[in-house]
Amino acid sequence: MIVEVDKELEDVFPRYLRNREEDMVKIQSALEKKDFETLRQIGHKLAGNASGYGLLGLGEMAKALEHAAGSRQYDNCRNVISQMKAYLTDLQPKFV
Amino acid sequence: MQVWWQPRRLQFFLTAHLFGVGLIILLFVSWLSIRQSAHFLQSMTEEAANKSLSISMLMVQGWSNQVEAAPDIARQRQEQLKHIASGHWATILVLKPDGTLIAHSPFANDRLYAKTGRDRNVFLHQDCFLRCTVQALQDRFGNLQTLNGSHTLQIHDSAGPLFAAVSRVQDLIVVTIAPEKNYEQLLQDSATSLVLALLVLLVVVLAFNFLVGSQVTRPILQLNNAAAILESGDFRSLLNSEREDEIGQLGRSMGSMARRLKDSVRDLENQVERRTADLKDIIEKYAETNKALERNNATKDRIFSIIAHDLKSPFNALKGYSGIISDSLDSLGPEQLREMVDKISVSAEEAHGLLENLLQWALVQTGGMRVKWENHNLREIVLEVFDLMRVNAKVKGIRLDIQLSPDIWVYADRMMVSTVIRNLVANAIKFTRSDEGYILCRATDDRDRILMMIEDNGVGIAPLHIDKLFQRDGWFSEKGTKDERGTGLGLGLCREFISLSQGKLEVESQLGKGTRFFVSWKKGQAPAQDLDHSIERPLSILYIDDSEDNHDLVRIYLKTFPWQLTFAEDGQKGFEAFKKGHFDIVLMDLNMPVMGGIESTRLIREHEHNEHLTRAVVIAFTSSVLQTDIDAAIQAGCDSYLVKPIKKQNLVNIISRLMKNVRQRGPTA
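In order, the protein sequence lines correspond to chains A and B. If you're matching positions, the first sequence starts at 16 in our numbering and goes up one per residue. If you're matching positions, the second sequence starts at 202 in our numbering and goes up one per residue.
Next up, chain A with everything else stripped away, as it sits in the complex:
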């Protein structure tokens, strides 16, 4: 999946993705511990920055995660998280 990203962000984009990998590790462990509060926080933060980096899809998923964790819906959280993983794995930024 190719996503268009602002050329200006080319330098910082790899670091952004690295941070997301760290996020995903935290998310996974929080999910196992059913730590919904951590999930909600990470979801909120991600929702706040993903769109800024042009990753609108990720932003939507993060919002969904924030919402699901807020209402403590384990299954929904798990689904959204697997979608996010898939999104990040498939992601191919194209700097324009």
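It should be emphasised that the hints constitute simulated quantities derived from the structure, not laboratory data. A couple of the hints might just be wrong.
Just the calculated beta-carbon pair ranges, DEER-fashion [stated by the list, open to error]:
#	chain 1	residue 1	chain 2	residue 2	range
1	B	ARG858	A	ARG87	39 to 45 Å
2	B	PRO739	A	ASN91	43 to 49 Å
3	B	LEU494	A	VAL27	53 to 59 Å
Glycine is no exception: its CB is placed at the ideal position from the N, C-alpha and C atoms.
With chain A's structure known, arrange chain B on it following the hints.
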């Protein structure tokens, strides 16, 4: 107490009672004595007779040897008898058994006794006293010779009953006679005493009556009168009695009661007065509130009507022209395109101006408008307004002129000054015909005031309408020369803001020639000289956000600008950083761990206030578009807000726009 006779005065009641009781006692006493008197008389008389008899008997015992005594002895005997008899109001006779009188005490009635002459030693038969006695003795005892022992008998004399006691002493007979008449005198005396007592009683009763009248009834009547006067509401007349008794106490009690009553009445009156005043206040307040409510209602109606009608037309124009451009961009020539873009610009400005007016006016109406007193360069504000109005004026072919020295400063609220000028210029454009039209803004310095004039050569205002312009609570609106709509809000706002700025608004106009609006502002001062230096200083920006990725984003987006950037991860750290450094602009994410943006903004504002710092511009970053969240941010002290995601253009635009304000404010202390 129920009494069978209830006189009108207590005095008479008491008197009558006393008199009645005294009379009853007297009657009883007299009845008793009358009942006893007959028996009393008899026994007294009998006793007197017996007593004198027994004494005379003792004396006579020594006489028997010499019955016929010498005259001197006889006289001596007579004297002795007289002595005995006088003690008992009795008459004593000493007889021989044959009836010859030997000696006797003086008779109760000497007139009947012959002391000398032939009848000297004989019974005086004319005298019943003696005659009847001897007669009675003989009737009773027959021959006196045979009389033995002591006897008593009652004799009825023509002068009244007599009592006689008889006894034989050897060969002599002693007789004592006591007349009841003597004791009758006693009875008469006691009857006299009774009458006297009655008289005394009468006098006592009268005295009592007088006493009661003067000491009891009158004071009570006085008290009663005083009470009656009291009843009619006059508290002055109550006597201040000096008496020590119950009536005095009553009078004093009544006096103190009256004083208390007077105090209470006065208190009550005061209270009533106060309450009445309170009530009046409440009613007045209520009326005021009612008026305010009516005004608010009118305001609301006005806002709705403006939104429904006046705000619609510029948007119709916007929609229409932008639609045309969008549909037939390719077929439109550059001239046409320019014309339409201008029209869009005019409509946009119109809508914007109207919205600004509405918002500010609503603020004024709800009392939420506070004057932010600061020094402002008038020329800069006028140029800013002219810039906004440029297209509108150009479309109507009106020239905007300014004759303003750059060293004129006003002391007022920038927004208010700007609003006043914007509205006056907009009005001038509205009422000036195309071509040859001009609008001139001039200002002069007049001691402590700045006199600003906005002049046009438009259609002018009829004198009749000039008065309406300045009516409070009213809106006056007329269509412009090109049928531009008006709401009347603009001048209302001008009036309001100028009065809040302690200025004056005047107008002079000639129909067909033009209008001049004069506004006087408070004179301001040019900021200190180091202003220029500060303007050279690069803008410093503090970005507070918990997402480092967003830090990266902002850093990259703003790297081409000569602005100093500082970053913080949460509200707490951001506030610490703010205290240490000086920042013109703070970009504040609202949702952060540790401390959110709202709280942090509050702290920053508080800090600025306490330290008397110039207000930094705070821009809130929020992922929420909910009005409540935005309101919370504005209330906390944010100047503006950006909805995430962060876009480079939005960010640069908002910073550039607000930068102007920062520059205007000059350096920090």
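Against the structure, the hints:
no., hint, verdict
1, B/ARG858 - A/ARG87: 39 to 45 Å, "holds (43 Å)"
2, B/PRO739 - A/ASN91: 43 to 49 Å, "holds (48 Å)"
3, B/LEU494 - A/VAL27: 53 to 59 Å, "holds (58 Å)"
In summary, this structure violates none of the numbered hints.
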